[in-house]
Amino acid sequence: MDPYDFKKLEEKWKPVWNRMGLYRTGVESGRDPFYCLDYFPYPSGAGLSVGHCKNYIPTDVICRKKRMDGFNVLHPMGWDAFGQPAEEYAIKTGTHPAEVTRINSDTYRKQMKLVETSYDWERELNSSDPGYYMWTQYFFNLLFDRGLAYQFENDQMWCPACRIVLSNEEAAGGICWRCGDEVTRKKLKQWFFRITEYADRLLYDLDDLDWPEGIKAMQRNWIGRSEGAEVIFRVHNPETDFEFDLPVYTTRLDTIYGATFCVLAPEHPDIEKLVTSEKHDEVMKYAAEARAKSDLERTAAAEKKKTGVFTGCFALNPYNSEKVPVYVADYVLAGYGTAAIMAVPAHDERDHAFAVKFGIPIVEVIAPGGIPRGVEEAATVADGQLINSGSFTGLESDTARKRMAEYAEEQRIGKPDVRYRIRDWLVSRQRYWGAPIPIIHCEKCGAVPDRNLPVILPEMDNFEPDDSGRSPLARAEEWVNTTCPQCGGPARRDTDTMAGFVCSSWYFLRFASPHESDRPFDPEAVKYWLPVDLYVGGAEHAVMHLIYARFWTKVMYDEGMLDFIEPFSVLKNQGMILGNDGQKMSKSKGNIVTPDEMVAKYGADALRLYILFMGPFEAELEWSEEGIAGTYRFLKRVWSVVLETAGSQSTEKDEDFIAELRYNTARTVKKVTMDLDTFAFNTAVAAMMEYVNFLSANRERAYAAGSIWIDSIRKLLILMAPMTPFISDELWERMNFPGDTVISQEWPAWDEQDLVLDSVEIVVQVKGKIRARMRVPSGTGTDEIKKRALSLDRIEELLGDSEPARVIVVPGKLVNIIP
RNA sequence: GCGGGAGUGGCGGAAUUGGCAGACGCGCCAGAUUUAGGAUCUGGUAAGCUUGACUUGUGGGGGUUCAAAUCCCCCCUCUCGCACCA
56 MDPYDFKKLE
66 EKWKPVWNRM
76 GLYRTGVESG
86 RDPFYCLDYF
96 PYPSGAGLSV
106 GHCKNYIPTD
116 VICRKKRMDG
126 FNVLHPMGWD
136 AFGQPAEEYA
146 IKTGTHPAEV
156 TRINSDTYRK
166 QMKLVETSYD
176 WERELNSSDP
186 GYYMWTQYFF
196 NLLFDRGLAY
206 QFENDQMWCP
216 ACRIVLSNEE
226 AAGGICWRCG
236 DEVTRKKLKQ
246 WFFRITEYAD
256 RLLYDLDDLD
266 WPEGIKAMQR
276 NWIGRSEGAE
286 VIFRVHNPET
296 DFEFDLPVYT
306 TRLDTIYGAT
316 FCVLAPEHPD
326 IEKLVTSEKH
336 DEVMKYAAEA
346 RAKSDLERTA
356 AAEKKKTGVF
366 TGCFALNPYN
376 SEKVPVYVAD
386 YVLAGYGTAA
396 IMAVPAHDER
406 DHAFAVKFGI
416 PIVEVIAPGG
426 IPRGVEEAAT
436 VADGQLINSG
446 SFTGLESDTA
456 RKRMAEYAEE
466 QRIGKPDVRY
476 RIRDWLVSRQ
486 RYWGAPIPII
496 HCEKCGAVPD
506 RNLPVILPEM
516 DNFEPDDSGR
526 SPLARAEEWV
536 NTTCPQCGGP
546 ARRDTDTMAG
556 FVCSSWYFLR
566 FASPHESDRP
576 FDPEAVKYWL
586 PVDLYVGGAE
596 HAVMHLIYAR
606 FWTKVMYDEG
616 MLDFIEPFSV
626 LKNQGMILGN
636 DGQKMSKSKG
646 NIVTPDEMVA
656 KYGADALRLY
666 ILFMGPFEAE
676 LEWSEEGIAG
686 TYRFLKRVWS
696 VVLETAGSQS
706 TEKDEDFIAE
716 LRYNTARTVK
726 KVTMDLDTFA
736 FNTAVAAMME
746 YVNFLSANRE
756 RAYAAGSIWI
766 DSIRKLLILM
776 APMTPFISDE
786 LWERMNFPGD
796 TVISQEWPAW
806 DEQDLVLDSV
816 EIVVQVKGKI
826 RARMRVPSGT
836 GTDEIKKRAL
846 SLDRIEELLG
856 DSEPARVIVV
866 PGKLVNIIP
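Under the numbering used here, the first residue of the first sequence is numbered 56, with each subsequent residue one higher.
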């Protein structure tokens, strides 16, 4: 027997499978489709680490298993090439981003082939390819036509380090998603997509998705639906006699009798109108200072102590006609609600802190359980019975909120209202490396979509961004100056490009028919393959890509292009692989392990098997080279147990061993089948190891099982095939099993009959503690088991003469005797 | 503070509906074979002592049950996400 030489096997089988076109896929109406998608990566210069394999190898195993189950499997790969990461890398290395993308995706593809992921490479796509991004532009125009794309000038999130504007999602927590620096504001005219119009659908449709609870919770939280009421406070400027309506948003209308002041955000547009001349300078200075601060500074400072200024102006509480002072303070956010609040210090912690500092009265109006708690020291936040609340006194908070909202509508002083945290999606970027926004600005016609697609990104030598907030494309004068498609007059192209997340909002559709040139996708192919049956990637996309892609899918559904409302039926997040020091793998820590070195040392099969075996799919795990050495040893054991016992040699049949072998085979087939279907790869591998241990321990009895042994080996190789394709096919060939490759075999079934043994071991407990064991024939009845248990010497000894008070029998498992 | 997830040997982790805790692997110990081994094979490996068909043991404390890692209540720790959202 020659030794297990993984290198030889890899060199032998790769070209064979390639010639067979094993991984190519097409629409076949007779077969059930299965679409398994890995998040398409941005190909970074660092290449793949074994951490990426934690995603790609398990999905590959699923795909191979599904093929063996008879499914027509779509498993594509592509490159999220447009966007900031590629451009940053290009600037750093002085290489054109197109070149960077080409080099890096070559590396990725090579590495993916190294571990033999079964992608259909004929469907490879690249979001920076004009044949792809012309359709991204097409969808931009579609959103424009549906009134879902608009331009708006305002203070935008701006990352000074990256010199780029950010969407709300990309600037979560006041931190840039790319570089981690603090985000500031910059006044810019930008393109937005009206994702807020889809907030309710994005929220409610989550319920039916088979996604990790954490991701769903994050999206719900991000959408942030809250039910409340808008109430109008009439504001009067005593100096100018100017009066106007100040709408405030509250979720606690039940507390309005305790509203003792109002607060406007520093950005509120009406400040100028209501501030008195005496207070003017102070208020304006405060507002200007607040606006200049970064969100992070504002939050950090204001959490410690509240700041604000009195405007000199008063507002009328519409419920009790009390005159309350109006303040400007930075703890009220410009972007939420109406940027103005009614403040109830008795029942809101923030208002309480502010009222204490500024000496504003605190009026208690909610009594939990009917008992006033006192509110001088701290606010009472809980619901309760209303007190001091006019005709509403005595109601419970929840009924009060409903009645008081009805009252507001009757009196025309307000209405029930629903608000969301999610903001419209800012999509324009002042960057070179992206899909140009296909809009032409004409003085006569305004913003006009360019239907002549693609709007090709012009070649530029210097594509570095600057601090101006203008795109480098603005410097490509020849490209910018054009004619209006509507009136033919002189016009200028929009010089911004789309954020990378726009390009990735529809790529999963393109994979169904990646070579279409006169439409974004073939509707028939999309109907056949989509929605995605299994989508796998890291959790970092929770409130970015995953929410954007859901939004676009719904827009396309509304347009009649799709017949489904959710793009990804099942979502799973793979856990991260940490270095052997327990730290995230990174260049600076020098703890990166690459698949290349592991494949060179132990082979692709051993790496694949270890990735599956190291722990649960979702778990964060530490890399251990001893671990991969273990799976390598296992493969060597498989090699020898299969080859050393091959060939037929007639001996006396051992029926007991045959039954035992059948039992172990059926048990393993069942366990591996069920585990692979539930993403429990680690226990599937463990089951195979147990099985091989069993075979190995009984190898000298192989001939006594005759053809049953050979059949067991056949099944073992099929079970291993999705996980370790090289050794499986090599052994399949050497065993002369029928069919040209093991991966095209049908997945084995198991016979439940084989799982029934002649006898079973029953545990005998006394008061829940194991005191004896006994073997009984399978199917022994409750009474018989009880009788046998009680007559065991050990049990009689423990029980003495007394009759047991109670005996519980679990047939086939245990007996518990209570004396 | 709010929301999600998780706490089991020296380590990674197993354990359908509550029913033998620690599968499988790593590491370690002993033995065999070997010129040698970071190779291979065999056996052992939760802790404790009074070495027993013993006792204790799944973050801590209570509870339900014949029986709890699993169910219920309280608490602690870790981790991820969000966070002045009125």
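It cannot be assumed that every hint is accurate.
[Said to hold, decoys possible] DSSO-like, lysine-lysine: derived pairs with alpha carbons at most 27 angstroms apart:
#, residue 1, residue 2
1, Lys868, Lys842
2, Lys69, Lys691
3, Lys348, Lys412
4, Lys340, Lys412
5, Lys627, Lys67
6, Lys691, Lys63
7, Lys147, Lys642
8, Lys656, Lys67
9, Lys242, Lys340
10, Lys360, Lys378
11, Lys868, Lys725
12, Lys644, Lys656
13, Lys348, Lys334
14, Lys725, Lys708
15, Lys242, Lys165
16, Lys334, Lys271
17, Lys499, Lys244
18, Lys824, Lys841
19, Lys378, Lys457
20, Lys348, Lys241
21, Lys340, Lys244
22, Lys244, Lys328
23, Lys639, Lys147
24, Lys168, Lys725
25, Lys168, Lys241
26, Lys656, Lys69
27, Lys378, Lys328
28, Lys348, Lys244
29, Lys241, Lys165
30, Lys656, Lys642
31, Lys271, Lys824
32, Lys328, Lys271
33, Lys822, Lys842
34, Lys242, Lys499
35, Lys708, Lys62
36, Lys627, Lys639
37, Lys644, Lys147
38, Lys147, Lys67
Hints in this document: simulated from the structure, not taken from any laboratory.
Evaluated hints:
1. Lys868 - Lys842: 15 angstroms, holds
2. Lys69 - Lys691: Measuring from Cα to Cα gives roughly 20 angstroms; hence the hint holds.
3. Lys348 - Lys412: 22 angstroms, holds
4. Lys340 - Lys412: 20 angstroms, holds
5. Lys627 - Lys67: It is violated: about 34 angstroms lies between the C-alpha atoms, which goes past 27 angstroms.
6. Lys691 - Lys63: 14 angstroms, holds
7. Lys147 - Lys642: 16 angstroms, holds
8. Lys656 - Lys67: Within the cut-off at roughly 18 angstroms; holds.
9. Lys242 - Lys340: 19 angstroms, holds
10. Lys360 - Lys378: 26 angstroms, holds
11. Lys868 - Lys725: 20 angstroms, holds
12. Lys644 - Lys656: With Cα atoms ~22 angstroms apart, Lys644 and Lys656 stay inside 27 angstroms; holds.
13. Lys348 - Lys334: 22 angstroms, holds
14. Lys725 - Lys708: Distance ~26 angstroms between Lys725 and Lys708 Cα, so the pair holds.
15. Lys242 - Lys165: Violated: Lys242 and Lys165 sit about 45 angstroms apart, past 27 angstroms.
16. Lys334 - Lys271: Measuring from Cα to Cα gives roughly 47 angstroms; hence the hint is violated.
17. Lys499 - Lys244: 19 angstroms, holds
18. Lys824 - Lys841: 16 angstroms, holds
19. Lys378 - Lys457: Roughly 24 angstroms between the alpha carbons, so the hint for Lys378 and Lys457 holds.
20. Lys348 - Lys241: 12 angstroms, holds
21. Lys340 - Lys244: 25 angstroms, holds
22. Lys244 - Lys328: Between Lys244 and Lys328 the Cα gap is close to 25 angstroms, so the pair holds against 27 angstroms.
23. Lys639 - Lys147: At roughly 23 angstroms apart (the allowed maximum being 27 angstroms), Lys147 and Lys639 satisfy the hint.
24. Lys168 - Lys725: Cα-Cα ~30 angstroms, so violated.
25. Lys168 - Lys241: 45 angstroms, violated
26. Lys656 - Lys69: 18 angstroms, holds
27. Lys378 - Lys328: 18 angstroms, holds
28. Lys348 - Lys244: Roughly 21 angstroms between the alpha carbons, so the hint for Lys348 and Lys244 holds.
29. Lys241 - Lys165: 42 angstroms, violated
30. Lys656 - Lys642: Holds, because 21 angstroms separates the two Cα atoms, which is no more than 27 angstroms.
31. Lys271 - Lys824: 44 angstroms, violated
32. Lys328 - Lys271: 43 angstroms, violated
33. Lys822 - Lys842: Satisfied, since the Cα-Cα distance of roughly 17 angstroms is no more than 27 angstroms.
34. Lys242 - Lys499: 25 angstroms, holds
35. Lys708 - Lys62: 39 angstroms, violated
36. Lys627 - Lys639: Roughly 21 angstroms between the alpha carbons, so the hint for Lys627 and Lys639 holds.
37. Lys644 - Lys147: 21 angstroms, holds
38. Lys147 - Lys67: Between Lys147 and Lys67 the Cα gap is close to 40 angstroms, so the pair fails against 27 angstroms, i.e. violated.
Hint check: violations occur at hints 5, 15, 16, 24, 25, 29, 31, 32, 35 and 38; the rest are consistent with the structure.
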